[in-house]
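Protein chains in written order, with this note's numbering: chain G, 1 to 427; chain E, 1001 to 1427.
Worth flagging that the hints you see were computed from the coordinates, not collected in a lab. Glycine is no exception: its CB is placed at the ideal position from the N, C-alpha and C atoms. Heads up, some of the hints might be wrong.
Said to hold, decoys possible - Below, a sample of chain E positions facing chain G; criterion: calculated Cβ distance under 10 Å:
1. M1001
2. K1003
3. S1006
4. D1007
5. P1130
6. T1135
7. N1148
8. R1329
9. E1337
10. E1338
11. Q1339
12. Y1353
13. F1374
14. P1375
15. R1388
16. D1391
Unchecked claim - Some chain E residues near chain G, calculated using beta-carbon distances under 10 Å:
17. G1013
18. F1136
19. Y1139
20. S1169
21. E1409
Number of protein chains: 2
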Amino acid sequence: MIKRISDEILTNGKAYDNLRHLTKQIGGRLAGSPQMVLAEQWGEKLMKESGADKVIMQECTVPHWVRGGQDKAKVSGGKNLDVVALGNSMGSGKKGVAAPVLLVNSFDELEKKKDEVKGKIVFYNYKFNPTFVQTFRSYGDASQYRGNGPSRASKYGAVAVIVRSMSHSVDNNPHTGATRYVDSFPKIPAVAIGLRDADWLANELQRSSLTVELKTNGHFLDSAIGHNVIGELTGSEFPNEIITVGGHLDSWDNCEGAHDDGAGCVQTVEILRAFKALGYKPKRTIRFVLFANEENGLRGGNEYAEEAKAKNEKHIFALESDAGGFTPRAFGFTMSEEQFQKVLQWRSLIAPYGCSEFNRGGGGADIGPLRRAFPTTALAGLSPDSQRYFDIHHARNDVFENVNKRELELGAVNMAALIYLIDKYGL
Amino acid sequence: MIKRISDEILTNGKAYDNLRHLTKQIGGRLAGSPQMVLAEQWGEKLMKESGADKVIMQECTVPHWVRGGQDKAKVSGGKNLDVVALGNSMGSGKKGVAAPVLLVNSFDELEKKKDEVKGKIVFYNYKFNPTFVQTFRSYGDASQYRGNGPSRASKYGAVAVIVRSMSHSVDNNPHTGATRYVDSFPKIPAVAIGLRDADWLANELQRSSLTVELKTNGHFLDSAIGHNVIGELTGSEFPNEIITVGGHLDSWDNCEGAHDDGAGCVQTVEILRAFKALGYKPKRTIRFVLFANEENGLRGGNEYAEEAKAKNEKHIFALESDAGGFTPRAFGFTMSEEQFQKVLQWRSLIAPYGCSEFNRGGGGADIGPLRRAFPTTALAGLSPDSQRYFDIHHARNDVFENVNKRELELGAVNMAALIYLIDKYGL
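All chains, please: the whole structure from these sequences, using the hints.
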């Protein structure tokens, strides 16, 4: 059966064409945007066409942050820096913010220089660590500067923040992503800067002081209504036991969201399509979910868990693909030891298709709330090869052209194989 | 030590910059071409700069095939097809060849239609099999049409051959590669065609007959003198035990040869550089070899083995990287069962860096002759992820831009780790 699934997806797969439509016809689709609505309509139609027994549009309230215009940063000498405002950040106002730049390479250095911070633009030049083989470790290490950097600098009187992009890329594209303000300090403007400009700026600052003029326009509009798009195949033997598989439909506004997470969405739908094409009738109920608002609120994932809890549903397993449409290499599992030992027995069945490593720990942002609601729900996340992910993550080059058709399809093959085994044998 | 190697290569690696020079400053470098000479000079200089104890330019005679101009194919209706003459193929002459096209989907179909072949251009539309997860299996399956197709059609009187490119690509780039004429039949012109044009042509031929006018100009010039570029670190304890690691310096002329096999060359040099940077003094003699003429003659690999045999050298192990500069996933070993069991004990040391699979069977075209000369020489080949390789293999998009810096570096890390272990513990 796994071989049949693989042959079907690798021969007749629609994931790549679906991704082309999502990225090229709809594009970036941040929560609250008109593209969010178009993407939801696309998802609903696609779930029906792909053979879902029923399609549910699960409503949730989502934040509506807008960039509000082009982000700009100009150095006193005249050079323009390639920057992008951090998601959820507050704009500088029309006049902009002009101030001397204070370079710090870490939070430790910020603390040492805290008396120099007032009135400055703090430039966090923390490097994405090249020595971690798995790039998600570098991201976990560096992303605190994006998340906490603005408020930690604001605490000491900084007027704005520039953060080195979290990337190993060889280009100069800046990478956005959500920041988190602490309410007790002023919400100062915050941008990410491309790596070449970061290196240039750091070098210049070694030699002399520099002023940067920053203009950003980010702000929140009224909250909007978004939806989790849920396609369901109703179980033939145990319809009350629910298996969830999904990705998130929203993306940042500065890119097409092809890998993050258009890939996870079209892989999710592809599993549904392949099961129907093969005439597979699941024993358990399988829900194929395109989650809303992962990037800057997680309202979709929370709503899904809350409604499941309110209805006292029985969720046995949830799988997410939100690490890019690259060659699948591993699954990470959050489950009991007994369940993990059972799953480990299937590794040799799935390994020939790519996921030869089954690791402990893993899941996904959107399915996390489900396990917090039901501590017995087992979770898993697809781990594709991670080397190229942070070249494109939250940057303007996260576009369809940077997704490889077969790598994308193989992700769906491995996910479908795992879902099939859990449906057939339970957990 | 392996962690130190990894940190050195991922932090200070020069492989990517070296590959930029080889691809952008020198470019395609088919045996016998002026670029071959430039590449050899570059290799010699780089081996010295990277700290080789000695650098040997090992001479060999290489064939000198030239494309001789632009390859053209025009359909009777006026459409131009995107084609590239197969390597080593003979040109059509200035007048070209115009003839009706006979579509066959396989050699079986050729045999069934053999009475229709005379005077025709045979179009082999054999599909690259999508159901093999490892794309090298699809290549092994389909490449017989490139290698044997021209003479098998010529046997029945065909005047030329068009071969569907061996690729899963989504573009229309045609993929060249060597063909092998059988001397007893006329050496007819032969081209590869891009996948979109192949599908178009096949569709049109279902509906009506078509004539194609083919112009190619391939021919052989006088043989030339090429060189294997060999850098050596002389062993401190067992200088007579030789370990070889290498890739091939030549490439097809229609591309930059970035993945095939610029990647293998710069990875090879990177291991030398890293060993020197870390002050590692090998026990055994390690030879870093950039082989000549892999693509259309294998004269470099043959010369290396012949000279080793003539000198009665003791070659314990040889490793080749010639499957692209993609994320490393596996090593394939050709060695005794006892040796394989020894090597298997090291798998857990190397797995964290990428090569988590150690398989039986593997090596490389250039090191193959060494094992034929010395049946006790153990061989291994690096197996990177194979999904993207045949998107670019022998096509105009095998360029530097399609190589990822970290994927390339990680290949060198895994190779260096294996060489280190074999040097330290023997085989």
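Hint by hint, here is what the structure shows:
no., hint, result
1, M1001, "15 Å, violated"
2, K1003, "8 Å, holds"
3, S1006, "7 Å, holds"
4, D1007, "5 Å, holds"
5, P1130, "4 Å, holds"
6, T1135, "8 Å, holds"
7, N1148, "26 Å, violated"
8, R1329, "8 Å, holds"
9, E1337, "22 Å, violated"
10, E1338, "25 Å, violated"
11, Q1339, "23 Å, violated"
12, Y1353, "6 Å, holds"
13, F1374, "33 Å, violated"
14, P1375, "31 Å, violated"
15, R1388, "6 Å, holds"
16, D1391, "7 Å, holds"
17, G1013, "9 Å, holds"
18, F1136, "13 Å, violated"
19, Y1139, "14 Å, violated"
20, S1169, "9 Å, holds"
21, E1409, "9 Å, holds"
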